[in-house]
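First to last, the protein sequences are chains C, U, D and F.
Just so it is clear: in the first sequence, position 87 is 87 by our numbering, and no numbers are missing.
Just add 486 to the spot in the second sequence (first one is 1) and you have our numbering.
Just add 1160 to the spot in the third sequence (first one is 1) and you have our numbering.
Just add 1352 to the spot in the fourth sequence (first one is 1) and you have our numbering.
Simulated from the structure, these hints should not be mistaken for laboratory data.
Just so you know, these numbers come straight off a predicted model, no measurement behind them.
The C-beta atom is built at its ideal place from N, Cα and C for all residues, glycine as well.
It cannot be assumed that every hint is accurate.
[As the list claims (entries may be wrong)] With beta-carbon atoms standing in for the labels, derived distance ranges:
#	chain 1	residue 1	chain 2	residue 2	range
1	F	F1627	U	V1098	46 to 52 Å
2	U	P693	C	P470	42 to 48 Å
3	C	G55	U	T690	17 to 23 Å
4	U	A1030	F	G1391	48 to 54 Å
[Unchecked claim] Result set (SDA-like, lysine to any residue): computed pairs, CA atoms no more than 20 Å apart in a straight line:
#	chain 1	residue 1	chain 2	residue 2
5	F	K1637	F	V1619
6	C	K150	D	V1201
7	F	K1405	U	R1045
8	C	K150	U	H1139
9	C	K150	D	A1193
10	C	K150	D	A1295
Residue-level listing of the chains:
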Amino acid sequence: MDLILVLGLLAPPFVAALLALVMRREPARVAWFNAATMPVSLAAAAAIAVRLARGGEPVVVGEMWRLDALSAWLAVLVSGVATLAAALGPGLDREHPAPSGEIRQFRLYASLFAFTMLVAVATGNLGVMWVAIEATTVTSALLIPLRRTKASVDASWKYLLIGSVGIALAFTGTVLAYVDFATTGADINVALHWTTLRDAATALHPRVARLAFVFLLVGFGTKAGLAPTHTWLPDAHSEAPSPLSAMMSGVLLSVALYAIVRWKAIVDVAAGSAFTDSLLLIVGIATVAVGSLSLLSQTHFKRLLAFSSIEHMGLACFGLALGPLGVFAALLHLTGHALAKSAAFLLSGRVLERYGSGTISGAPGLLATAPHTAVLFASGIFALGGLPPFGLFLSEILIVKAGWAAGHPVLTSVVLLLLLIAFGSLLVQVHRMLFGEALPGIVRGERASVPVILLSIPMVLLVWLGVSIPPPLQNLLSHAVLVVRP
Amino acid sequence: MTFSLLFDTMIAAFAVGAVAAMVLPLGALMRRLALTAAAIGSAAALALGVNVLRAGAIWTGRWDNLLQPLGGVSLRLDSLGAFFLVIVGFTGVPASLYAIGYLRHLDGHLRSRTTHAVFNMFLASMCLVPCADNVATFLFAWEMMALSSYLLVVSDPEQHDASSAGIWYAAMTHAGFLALLAAFVILAQGGSWEFSALHRAGATLTPAARGAVFLLMAAAFGSKAGLVPLHVWLPRAHPAAPSHASALMSAAMVNLGVYGLARVVFDLLPPGPPWWGGLLLAVGVITALTGVLYSVAETHLKRVLAYSTVENLGLVFIGLGFALLMRGYGYGPLASMGLVAALLHALNHAVFKNLLFLAAGSVVHGTHGASMEAFGGLIKRMPMTAVLSLVGALALAGLPPINGFPSEWLTFQLLVAGAQHTAPALAIVLPLALAGVALVAGLAAVSGVRLFGITFLALPRSPGARDAHESAGIMIAAMAIPAVTCVVLGVAPTLVIPQLSRIASDLGQPAGPLSEGLALSVPLVGSRLWPAVITLLMVGTGLAAAVAVRLAGRARSVRIDAAWNCGRIIQSPRSEYTAAAFAEPLKRVFTGFYRPRQEVTVDVHPASRYFVRAIRLRADLTPWMEQMLYEPLLRATQAASNRMRQIHSGSIHFYLALLPAALLALLLIARWIP
Amino acid sequence: MLLLALVVLWRRHVTAYITAFRTQSIVLAFVGATVAWYGRVPELFLVAVMVLVLKGWIVPRVLSGIETRRQGARELHPLLNTETSLLISGALAVAAYEVSRPLAEVMSLATRGGLPVALALIFVSLFIVVSRREAIAQIVGFLMLENGIALLALLGAYGVPLVVELGVFMDVLLGVLVMQAVVYHIYDTTAD
Amino acid sequence: MRAILFIAGQTLLLAVLAPAVIGYVRFVKARLQGRRGAGVCQPYRELRKTFGKGMVIAESASWIFRAAPFAVIGATIAAASLVPVVSASQPADRAGDLFVLAALLMLGTFFLALGGLDPGTAFGGMGSSREMTVAALTEPTLAIAVLTLALTTGSTSLGVIAGSVLGTPAYAVGPGHALAFAAFLIAMIAETGRLPVDNPSTHLELTMIHEAMILEYSGPYLALIEWAAGIRLTLLMTLAANLFVPWGMATSLAAPAVAAGLVAILVKLGVLGLFLAVLETRVAKLRLFRVPELLALSFTLALLAAASSFFTR
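Taking the hints into account, I'd like the entire structure generated from these sequences.
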């Protein structure tokens, strides 16, 4: 049973990638196949999640695969966003057909990208998790310069180099922890299994564990877009084709954060949670500051969204350091962020199509030209700004509450201030796009086509999340919290 | 239980309205259904509030399956909440009915969907705010209210300044929300977020923390109620919204700020030090003066009304602040008097401001103009609107026999009684407040004359005004509801006094009787107001005089002829007094406040500079509050943001260098952490 | 191996970079072999061979491929002059020793003396990546970083589990190939 | 029933007395200026004449223009009914106090101003604007004066004030009382548009306030307005007299006392009228924008009064 579930989770993107390799002739078919099969892996993830939400045993297949509540939750997010991206990626839209080369490349790398992320989530082996996350860099970097512009190539190079070096540091951390574990003289071959490590964590040496965690935090933090090593993110996310940006911003960052959380759980046991928490607090605040302060002066709307991702990652990181309630809030926050941000990026792709310009000043009067897109985009921005009835409203309140409860009133007040700045900046920027006179020659009017309907799904889910969290999700998250903070 | 039934009806009606607006085909049917639903919902809210008030009961309800992580939705309607629910419901009914006629021009537009749906959402959230019984519910309803009203503000693309107004509004209201959140978090001290629990938690709070909570709450609710200097969004946002929405924002929403603060300081928090009241009182006086001074000088019709809202909320807060002050010094009866005065004025203001904004909507609708300078002579084209506006203008001027007067009178009595019955140290400050209120009353009268006279009397000053048209019947009918109420409450304010006294005693301020029969009476200063008698006397004399003139005048000739205009043959509207001209003397008197800026450009004939072709005068007021308080903040943020932008230079080497830098830095930090 | 890294800092010539990296990888393979011999860890031989093949032969060829593709002077222009770079790397080495102290304390293996060297290598190659302007030099730096980590693993715990090791190799290979591709893109886009 | 009759009588008295007071002031003024001047009863004749005359109504005027005079007279009479004229025991206290009276006067001004705006002539607007400005700026003075009285006598009801001052004459000589009296007089002058605030006998357009406002009125309407203005003056003078120096007022509704009170009020009005006349012959009209300074002065006086009455409390 478990095997089927894991297969169902991992196979669709992998097969799609293979098809894209072999069926070079008709990429459109591949696209259809990809879009049609991704829901399967979503369904598998959902099945796993439901089972774990009911308090069931983790899904384990051999030494390699192990999904507990935390992984299941993230698997759902990853497969869900991947499904959305696959459905809206190039090759399906008859109105704006894309060159077949692009379609092939996109389907190949995007599927691989999704696959590697799912592997990183589904594996129980921290070494393999590292390998998979490193692989996400490789697979996504090639897709960024889908249309070869100087900017996109540079962005991809930055992403590749910084990402790889950073992730290498993470590997250093992994090795350090592993070395430390080896010194305890346990069975080395299962050493990097999360469960083993966690059980043996009490035997680890605190100082080494601390050392390792610093490396891990910087390393995976680079991928998670935490300050100050977030620098590759704005370029990469803004230059990438929108479906890819949606996946990167929506879930890749969460996957990297997930890696940090995994290790945190171990180091907490070894070196006490006070240490990890304070590091996360520092990094989180810095990240929120960088993200929210940058928003106002951005000139491209995709960069705007990218910096908002940074801000939200920082917020989640902040929440992770605030005890069980904070962790719950952070996970909820990441859920909402995945929905809102992926939708926003996909919508920004539509805006780009309509206006042919990525600048905010170049896309005024959106309400007049493309009402549906405009309304959805605005809802996405407001969701990201933390307004009800969207889910991020609840999670932000929870984070603030947790911050005070955890005894950090000053830091929390700083976060509140930064949240205000972020909201104001987003507001000003989105107003620049929604209102004003549309430039002459821009197509006016828009009908409620399939993409619009697809894109309104995440919004509906966000509202659902914000008004009444479905009990299964609540249980799942509570179990996930137990994984992080037993 | 009938309460629950009413509540469910209310929510259901709003939901139906919103859904109808979203799904029904565009057109008249959708408009009628959606807005009728809104009216029904408001009526239900009104009924619920009235029943709770009359029965003196408390209605509670829970929805545990909503907002679970924050402790579910819990509802509780006591007398205070019911009173404000009544205000919302009572202003909601006319606004909804009015909108049926007012928004006809939206039929077929896509945005009519959002406009009608959001309007229902707005009403629903406003009805939920006074019912909320825990922080989660309150914050959710509060922010929904903010969001929906913001959407209404920006809903009209023809309004060119709607966008900036929306930004001001949303940014400030979000700031208020965050302050609110912080205050609640401090108050809860990590405990439960039920109001009952907060009530208990408040007792264990340190005085400093209490002060912090109070200040945060005062800032948050005060900004919603338009307290100076947090009022700057109000005169921008209220006029930008479509009139049926501004009527609700100015009449209902701002009062929910009053509700919030009253709930906190009289219910959740334990009695605080007197400086709380002192602060509110001072701010209230300043607010009232600022508001009335701007409303006298402003020429944009709806902005005049918005500033008058600021003024009246200032008066309400004078009552609240006075009550707090007196409670702080232990003068129980005075405190309850203050509370009653505040609530009464809140109600009165809600009613007449509702009327005035709807009337302003008709004027704007009928003339397609927004500035009072472009109106004039409308009384002949829009007779009904004119009559109703006259009632509103009298109320706004705080004159008998309309409802603006009794609450103002009570406020006067309040301050006199306070000055008389308290220790000199405290009493010495009250005369200043009294003088302030008196000046406010006087200037309000000027504002009332100006509002009605310049808009409706004399000759039309623009083509739009020349062929203005009267509004549809349903709009007139809708406006008639608050208009009649204005008169009723003006003649018999005592109808509501007992309820208000009970609210005061429910809030721990048992009140002495403030009414005898149909007369307000303040035993503390042995003064009474019996509006019915005075009205009777006035009307009687007036009618008698009219009859006398009629009888005596049968033989007399009445000639209709051109007005004497200092020898000019034809009378042209150009020689009329305009809104700006009317305010000129006051502008001169209060130059220090207005800081007027003028530039005169004289366009002379090329041949000789003695032949003047045209003289242009541009005059406006310096918005010094914005310049002093807000622009520095905005500049600072912008600067920080630009700095950030420079940091992200794009140099890969710098980016890479950050990696080892971060690593070493964290390693260092890691050493310090125990 | 640290010396080889320093060599890279000192030399200016691309081919020198590549040879330095090649020799470094060979030395790494050799170290791996010795550790395998003394530590009685058979699968390390396999790893050593893979290192030899992959990093000692394939990757350098890819690099020279990039090199030949790249127009312009053979000279490389570091951001900092040689002296400062050497000094900084010295400082980094010291930092590495300082950092690795807790590690050395808890270690019981005979090879623990090498750990600081490994960390130093990591830091220095990090510095190379930062301080070199040309893409190829940065790649070399990155690869040396990988070497350093591998060394750390070797000396610290006689290598990480095989499956992880394989994954790492795959990533390195893919990474280099992708880097190559992107660098070609860069050359293309900058050419026109 | 008796109370109602009494109030009616008092009000009627004020109303009937009003033209005489105007005439008296004019007469004294004329004498002081060395003219013979018209008799005290001249205003009655004028009123009758204007009442009989035909009307010219501006074609641009609306029903407001026609309604305003009746509103004005209604409000003024209502205000007059609150004033204790001959007796300190004032049944009308049950209906309203000094604030109500001020509000009613303001109501009259309100409609007068509307009537001035209605025809749409330049002067009407000018007059309305200025009249309203002055009225608005007078309010604080009145309020503080009322407060002072309330502080000393413990109530804002006119009868009570008069009564308690009557009861304890010490109040009347207190510094607060005197200052308040001065302030009240200035406010009264401003409210009734006498010199130096406004010149009731000017018809030079640019200096007019009140006259400019009613420029368009003629015939019965004009008569009503003039009459209302007279009542306004009289009632304010009566107020000044009876609140600050209530001696001679009756304390009951008994006939002899009332008669005495009647005599007393006539005397007091005579004195006040004399003062007014003297003042108007001595001072020249202020520039409009100097008027606020005068009002500021009166306001300061009132504040001082209030403050000092705290310490004498």
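Looking back at the numbered hints, which does the structure fail to meet, lowest number first? 3, 4, 5, 6 and 9
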